[in-house]
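Trainee: Sequence:
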Amino acid sequence: MLQKARAAFPLTRLRERAFEGVFFGVALIAMAGWVYFITLLLVRFFLWFFG
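In case it helps, the working numbering puts the sequence shown at residues 188 to 238.
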């Protein structure tokens, strides 16, 4: 029983690290999308205001 738990430990650790990496990647993509969206709105506002 303990040997099975020890054998499964690296797999669960790998799975947790993979989940954290995927979550971090999705969060970075979402933040980059929001930054792009806000920058696009600001550029359009400045072009409209000064144009």
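Don't read these hints as lab results, they were simulated from the structure.
Ideal Cβ placement from N, Cα and C applies to all residues, glycine included.
Hints may be right or wrong, so weigh each one.
[Said to hold, decoys possible] Pairwise CB distance ranges, derived in the manner of DEER restraints: (1) Leu-229 to Pro-197: 46 to 56 Å; (2) Gly-212 to Phe-233: 25 to 35 Å; (3) Glu-203 to Gly-238: 28 to 38 Å.
Trainee: If a hint holds in the structure, say so; if it doesn't, say that too.
Mentor: Hint by hint, here is what the structure shows:
no. : hint                           : result
1   : Leu-229 to Pro-197: 46 to 56 Å : holds, 48 Å
2   : Gly-212 to Phe-233: 25 to 35 Å : holds, 32 Å
3   : Glu-203 to Gly-238: 28 to 38 Å : violated, 52 Å
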